[in-house]
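Q: Position chain B against the provided structure of chain A, taking the given hints into account.
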Amino acid sequence: MGLWLKLIPSIGALALVTALLVLSARAGLYA
Amino acid sequence: VRRWLFRILTGLAIVAAAALTLIYTPQPFFKHHLRYGAYDLWSDRPIPEAAAKAVLDETTRRLSRSPLWSPTARFKLFICNDNWRLALFSQRFSGRMGGVTDMNFTRYVFLRAADIAANRLIPPHPGSDMSDRPLAYYMAHELTHAMESRAFGRATAARYPHWLLEGYADYVGKAGDFDYGKNLALLKAGAPELDFKRSGLYRVYHLEVAHYLDRQHMSVVQLFEAKPSEAQALAAAQGD
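Protein chains in written order, with the numbering used here: chain A, 1 to 31; chain B, 32 to 271.
So that you can see chain A by itself, here it is in the shape it has in the complex (with noise of 0.2 Å):
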């Protein structure tokens, strides 16, 4: 349980981190 609660802010934080790049490039690709 220990290491979930120490884990889950990493995971998250670069699930975030890889959500935000791909979106942002996505974002910025113009036609």
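All clues given are correct.
Quick list of simulated restraints, FRET-style, between CB atoms:
1. B:D160 x A:S10: 52 to 62 Å
2. B:V252 x A:L7: 45 to 55 Å
3. A:S10 x B:Q58: 28 to 38 Å
4. B:Y55 x A:W4: 28 to 38 Å
Some chain B residues flagged as far from chain A (calculated, every beta-carbon gap over 10 Å):
5. P79
6. D88
7. P98
8. A148
9. P157
10. A182
11. P192
12. Y211
13. L215
14. M249
15. A262
Simulated from the structure, these hints should not be mistaken for laboratory data. Where is the CB? At the ideal position from N, CA and C, for every residue including glycine.
A: Below, chain B alone, put in the same frame as chain A:
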């Protein structure tokens, strides 16, 4: 549980690293390269050197008419003859477009299949009228987006109206090959070519930009500072 948590974490880190690598280094997907003038041109097919240099010279002629052009700026272009590359790098999962520019991160340009020797882009819709849009137009159009991003900042696509970004790219791309009076008459007659939603063409936006730059004698920087709305721009052009 511990092992799975670390697997998830490692997996996510790999996905993030792969996304970054793909965004910043598409070069391994393009076998052929030509460095000429301000440009690094990559393609997934052999590049006919003399013809490519002529097209790039023509692109420079168009771009250098813009005050956003800098003789020291360098540009990277990638020609995707295989459409899956365009779908991948445009993140659209459909390659039905002339090209795209990454305005947020890299300012790289990706173009669809092209016949460089004929200075021609192979259009997504067969039978499209390409008479005023040679390959050099598409290069100059997309590279204008790169210049807009350099001049006005990375979040340009979010901060400026679509009509202005596309209208200016069409204006620079066509380099004066545009009959203002004829297009204004078509707009007033409600012609589909002057309706972006019906035709997918940027001619109406070009007309609006030409109104501000050529009729009102605004500078590009002034126009981007004012950033009129699409409705304002349409009303202004129709008033000519």
